[in-house]
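Visitor: Chains as they are written, first to last, in the working numbering: chain Z, 1 to 295; chain R, 1 to 289.
Hints listed in this document are in silico derivations from the structure and should not be mistaken for laboratory results.
Hints are supplied without guarantee of correctness; some may be wrong.
What the hints assert, rightly or not - Derived contacts from chain R toward chain Z, CB cut-off under 10 Å, selection only: (1) Leu-105; (2) Val-112; (3) Thr-258; (4) Ala-259.
From the three backbone atoms N, C-alpha and C, an ideal C-beta is built for every residue, glycine too.
These are the residues of each chain, in order.
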Amino acid sequence: MTETISLHGVTKRYGQIVAVRDLDLTLREGEVVALVGHNGAGKTTQIKMMLGLARPTSGTVRLFGADPAGDGFANRAAVGYLPESVSFHLALTGRETLAFYARLKGFDARSLDPAFAAVGLEGAADRPVGGYSKGMRQRLGLAQALLGAPRVLILDEPTSGLDPALRRDFYSIVAARAAAGATVLLASHALTELEGRADRVVIVDRGVKIADGSLDELRRIARLPVNVRLRPSGEFARKGWRSLGDGSFETSVDPDAKLPLLARLLSDPADVADLSISEPTLDDLYAHFLRREAA
Amino acid sequence: MTAIPDAISETPRRTASRPTVLILAAKEIREGIRNRWVLATTLLLAALALTLALLGSAPTGTVGASRLDVITVSLASLTIFLVPLIALLLSHDAIAGEAERGTLLLLLAYPVSRRAVVLGKFVGQLAILSTATIVGYGAAALAVGWNLGAAAWIAFAAMVGASVLLGAVFLALGLLASTLVRQRSTAGGIAIGLWLLFVLIYDMAFLGLLVASGGHSLPASLIDTLLALNPTDAYRLLTLGAGGAGGLTGIDALADHTALTPPILIAVLLAWTAAPLALAALVFARREL
Numbered sequence: 001m002t003e004t005i006s007l008h009g010v011t012k013r014y015g016q017i018v019a020v021r022d023l024d025l026t027l028r029e030g031e032v033v034a035l036v037g038h039n040g041a042g043k044t045t046q047i048k049m050m051l052g053l054a055r056p057t058s059g060t061v062r063l064f065g066a067d068p069a070g071d072g073f074a075n076r077a078a079v080g081y082l083p084e085s086v087s088f089h090l091a092l093t094g095r096e097t098l099a100f101y102a103r104l105k106g107f108d109a110r111s112l113d114p115a116f117a118a119v120g121l122e123g124a125a126d127r128p129v130g131g132y133s134k135g136m137r138q139r140l141g142l143a144q145a146l147l148g149a150p151r152v153l154i155l156d157e158p159t160s161g162l163d164p165a166l167r168r169d170f171y172s173i174v175a176a177r178a179a180a181g182a183t184v185l186l187a188s189h190a191l192t193e194l195e196g197r198a199d200r201v202v203i204v205d206r207g208v209k210i211a212d213g214s215l216d217e218l219r220r221i222a223r224l225p226v227n228v229r230l231r232p233s234g235e236f237a238r239k240g241w242r243s244l245g246d247g248s249f250e251t252s253v254d255p256d257a258k259l260p261l262l263a264r265l266l267s268d269p270a271d272v273a274d275l276s277i278s279e280p281t282l283d284d285l286y287a288h289f290l291r292r293e294a295a
Numbered sequence: 001m002t003a004i005p006d007a008i009s010e011t012p013r014r015t016a017s018r019p020t021v022l023i024l025a026a027k028e029i030r031e032g033i034r035n036r037w038v039l040a041t042t043l044l045l046a047a048l049a050l051t052l053a054l055l056g057s058a059p060t061g062t063v064g065a066s067r068l069d070v071i072t073v074s075l076a077s078l079t080i081f082l083v084p085l086i087a088l089l090l091s092h093d094a095i096a097g098e099a100e101r102g103t104l105l106l107l108l109a110y111p112v113s114r115r116a117v118v119l120g121k122f123v124g125q126l127a128i129l130s131t132a133t134i135v136g137y138g139a140a141a142l143a144v145g146w147n148l149g150a151a152a153w154i155a156f157a158a159m160v161g162a163s164v165l166l167g168a169v170f171l172a173l174g175l176l177a178s179t180l181v182r183q184r185s186t187a188g189g190i191a192i193g194l195w196l197l198f199v200l201i202y203d204m205a206f207l208g209l210l211v212a213s214g215g216h217s218l219p220a221s222l223i224d225t226l227l228a229l230n231p232t233d234a235y236r237l238l239t240l241g242a243g244g245a246g247g248l249t250g251i252d253a254l255a256d257h258t259a260l261t262p263p264i265l266i267a268v269l270l271a272w273t274a275a276p277l278a279l280a281a282l283v284f285a286r287r288e289l
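Next comes chain Z alone, as it looks inside the complex (with noise of 0.2 Å):
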């Protein structure tokens, strides 16, 4: 797969402050990567770095190959972004708004119904922003962000806001574009919602990448004990399990141990009333790493 964005030995100071450091970072066309970490870990900036927004104190910053704060500056006619708590000109409708930008990529704008269509905006095109809701002004920042089938979508935050039947529509969208071939770069705290959404996870702490890879490469690194909950149907060994008072019980295994365990629990299945397996969290990985990463 070719790729869209590269950092390459990326540290970026500002002034005592090392917001990024020593970081190398590569994504690919049809990609959906999740940038994990929390308020301050360096995400935005990273973010700023890869629109050539900020220069990297060291190191180099690809967008399609070129310098994005350089020579390859038009090629961010092909980058959709949706900022962190975007923002506009109140006094101007939706309509306005979105035209101005297209005619910045260099769009006809004139022909913008079906872009307020997939957002769910149709009805309210034609209305000040200033009377939007937080979350329509989301949709609005997401309907620029998707103007002329970027290449690379790049979006902060981007659920924040939207209710959960339009996150799950947001996600369906973000889908679609990867699936034509684009990247999409999700940074978030909202770490349940980008299970199973996100091929890749990167997990980012003060500056430094801590963690890159499919959530199932994650989970063999970090070795997380599986859970599993059973409520038996007769006698049960106890012995190793909690109980949970409603006559369940719940142990914890390594992820060799799971199938073995799991073999001998099935072995009668006229023992078992129910058995439920949960795989550790996206939530418990990041937590893991972190802990890592501080010990």
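Chain Z is already provided as a structure; the job is to place chain R on it using the hints.
Guide: Just chain R, lined up with the frame of chain Z:
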């Protein structure tokens, strides 16, 4: 939000793209119209100009030929105070305000150069200011009478043109202030400081210097330099020193001795516009967000 894959993946047609500067200027003008800036400045200038015109035409009585000249002189004096103030109020917000409202980050993520942003803001604001000046002053001139002779009209038109040029100078200065600092309030403070300096303090100091020297010992070249170093003085000399207006103001006494001819004065004002603009573009291009 109905996710229609067709609607999303559909690429809007590319058009023969308008220059970025014009797109940005058009948005500036649209915002100016929408937030009533255009209306307010036009009405303010028209109201003050009309007041001056009606008051100013009274003492000359029936000597109609010079009535427009009187208005030209009155409006030029009005311009020196008001136009720089309006220009600074408009422009100090241009970059700092967008940065503070959070719209700058998104704008600069688009394929627009920083220079185009500075220039686009300037062009848009200049259009707003020119409209207000031409319409406002024009209304006053028409109220006094349109059949006042070609020479008076030419002098009037020259004054309006010079006023727009003075506005351009202070738009550029305000834009520079707007790129130099992070906060709108700081940019606003600088703008007020610039206005006080160029409109009030400089002239008082200049006057003090002339009085202290007894009006004789200062070489003409020094006086010329001091006049050229303040755009409002260059404007004053340009509009009040020339034509029929000169005799009304006494400025022609000064104008007789100066080497600053109208073309030089226009060049001075253009330089006062170009230099802050170039500096603003340079500062802004280096700025990290």
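Visitor: If a hint holds in the structure, say so; if it does not, say that too.
Guide: Hints, verified against the model:
no., hint, result
1, Leu-105, "holds (5 Å)"
2, Val-112, "holds (6 Å)"
3, Thr-258, "violated (46 Å)"
4, Ala-259, "violated (46 Å)"
In summary, the numbered hints that this structure violates are 3 and 4.
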